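Put chain L on the given structure of chain H with help from the hints.
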Amino acid sequence: MSSKTDKPVMRSAAWRISLWATLAFACGTLLVFVFLHQFVADDIGRRSDAWLSGEVEVLGDVAEHTPKDSVYDRVVGEVAELAGKEVPNRLQSDDVVNDSVFFLQEGTDGTLKLWVGAGNGEPNLKAIQAKNLPSDRPVDLHVSGFSTPFRVASVRIGDGSRIYLGLSERDEIRVLRNLRFRFFLVWLALVLFGFGIVFFTTRRMLSHVRGITEAASRIGRTDLSTRVPMTSHNDEVTQLALTLNHMLDRIESSMHQLHTITDSLAHDLRSPLTAIRGKLESSLSTTRDGEHAEPIASAIEELDRLTDFLNKSLDVAEAKADALRLDRSEIDMDELLRIMIDLYEPSMSERGLKVQLMSSGPMKIVGDAALIHRMIANLFDNELKHLPDGCSVTMKLDSQDDATTLLVEDNGPGFPLEIRPHLFERRVKGRESNGHGLGLAFVEAVVRAHGGTISASNRETGGAVIIISIPLSAVEHPVAASPEVARSN
Amino acid sequence: MRLLLIEDELDIQRFLRHSLEEAGYQVEVAGSVKRAEQLAVEGVYDVLIVDLGLPDGDGISAILRLRQLGVKAPVLILSARRSVDDRVRGLEQGGDDYLTKPFALAELLARLRNLIRRNNPSANEATRLRVLDLELDLLRREATRAGETLQLTRQEFVLLEYLCRNAGRVVTRSMILDQVWGMRIQPDTNVVDVHIYRLRGKVDGKSQQPLIRTLRGVGYVLKDR
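As they're listed, the protein sequences go chains H and L. The first sequence lines up with residues 20 to 508 when you count with the working numbering. The second sequence lines up with residues 97 to 321 when you count with the working numbering.
Just so you know, these hints were derived from the structure itself, not from any lab. Keep in mind that the hints are not guaranteed to be accurate.
Below, a list of computed lysine-lysine pairs in the DSS-like style, where the Cα atoms sit at most 27 Å apart [as the list claims (entries may be wrong)]:
| # | chain 1 | residue 1 | chain 2 | residue 2 |
| --- | --- | --- | --- | --- |
| 1 | H | 373 | H | 339 |
| 2 | H | 373 | L | 298 |
| 3 | L | 319 | H | 298 |
| 4 | H | 373 | H | 383 |
| 5 | L | 302 | L | 319 |
| 6 | L | 130 | L | 168 |
All values derive from a computational prediction rather than experimental measurement.
So that you can see chain H by itself, here it is in the shape it has in the complex (with noise of 0.2 Å):
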């Protein structure tokens, strides 16, 4: 799988769709883990309960049964140690003494008559006698010196003695602790793995989508031949790919229409034309008196222009529905623009128009170069049908980025006024114009149908100035050097 894009993996969607869905994840088996928390909590504590309540009632009833002499407190302590050894939840500890268990009894007075477990139990009486516990149920007590703190059941016995039994809650929360941190271990680990999976699932998945448009984007407004990938799978992408090429195909079989349109158009208005231009030649060729001669080459001439029209309205059409066939070769701008400039001088020099060109050396582009050389010799027939006697004409030839600017001004009197919004439609042109309206048809046609942009206005201080911005697509379609553009003078 190749990845060609040059964006950062983070802006990519199937980042963020990741993000997203294991953020989705993470929450959900937070939450499962919460409630699975809080179950084993309660039912570790329930259970505690249970344990403290029935032994509490045990040790109550050996309290009150066993004589008061003097193995009382030996009798009652060695079945609270017992107990104590029988506490649930309880982790192996090395110590010799049980501190996560007490047993206590308080005197009638308030005086601490047996003491089971760690410590003298003076600070458990007191905090016992501090928080006035409830008889029917095991409650929390916090001690001071003991971190954690203890469950806690008390019994009253028959003598008015009261006797509690705790169990600290140490191990509890060391058993929750021990669980909190194992999930916490694998909900990362599944979390990373999740987000692994559906990172590189949507990526696949999208590269299909990056393949798709890449290969849509190279379909160029004019080259409809080729089409987008499809992959083996039939999921949503293929449909993708399959109505993207359903749409290619109608959309080229529609072009072609077009194409056969002109074609024979240009083929049915072309052969009579040869014909006819043929005709009047030979006759021009037998005719050695000037007064026939005349008209005969006057209409040979009147021909060529319908010719040149012809040619002109039916690439303007194709063009106006993107569809103007292009032979691309290799056109240096820089080149082609100081031969015009040969060309055109002589001419606009005997109107006294004055023609500048600033170019900063060889500015390559791709593109067809009869249409480029005939949009090129337009902009020029365009100046010299138009200026006044003495203007100037200056071409500004840049490329900024991935384009190539040309900037054609004048000194003129510009565009004139009525027929400004409408500069590139057919059959505009000025009223003291005698073209055939065709010719910034043409050219904007051109750039179109390059992938490029114009715009034509005209300046603060006079004249028109015309732009032109051609893309210098070079990477997608092959160049072939033309023998034709690549003169030297």
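Relative to chain H, chain L alone:
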């Protein structure tokens, strides 16, 4: 010179045959690919003119078929299409030439001469051209008229050289644009005329006998007698 004209339009057939015979060619005419194949097998030709739109096939495949039959003569393709087909371009690179309809007879004749000359390369190209009292030194890029050096620009020299090479024959404006400036354009202004006018000023200026003649509706000719 034997020439095979493959063209189905009767009008064009007729005037081409007439004009080509007048220009000194022996013309055989075929109105279809089938007939052309027959003629090509029977006879040997120096040059062929083939119209692209034929009733029983496409002109280019006809040319390729004739090539298979062993016809080596160069071909001038006549096309009524506006855009030049890639295949025509291919043939052009192979030494053949094309012309779009309608065309000036002078241009057709010039292209035919070119094709025949290219096909039978004569001895070394001359380095000097002489037409009456006009003399061109192609190596030193110098032109003299009656022994007097003409002050020509580079472009004017190229133009004069082209006229001299075609002395006595008509050259059209589009031929001049094609051969001297290297572009096939049809300016609707008199750009070529002005160049000729200037050149004439220098070549014929002081002389009693003007060499460059304008033939209205046709083009120019450099007189050689």
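Hints, one by one, checked against the model:
1. 373/H <-> 339/H: violated, 33 Å
2. 373/H <-> 298/L: holds, 23 Å
3. 319/L <-> 298/H: holds, 25 Å
4. 373/H <-> 383/H: At roughly 26 Å apart (the allowed maximum being 27 Å), residue 383/H and residue 373/H satisfy the hint.
5. 302/L <-> 319/L: Within the cut-off at roughly 17 Å; holds.
6. 130/L <-> 168/L: Given pair residue 130/L, residue 168/L holds - Cα atoms ~18 Å apart, limit 27 Å.
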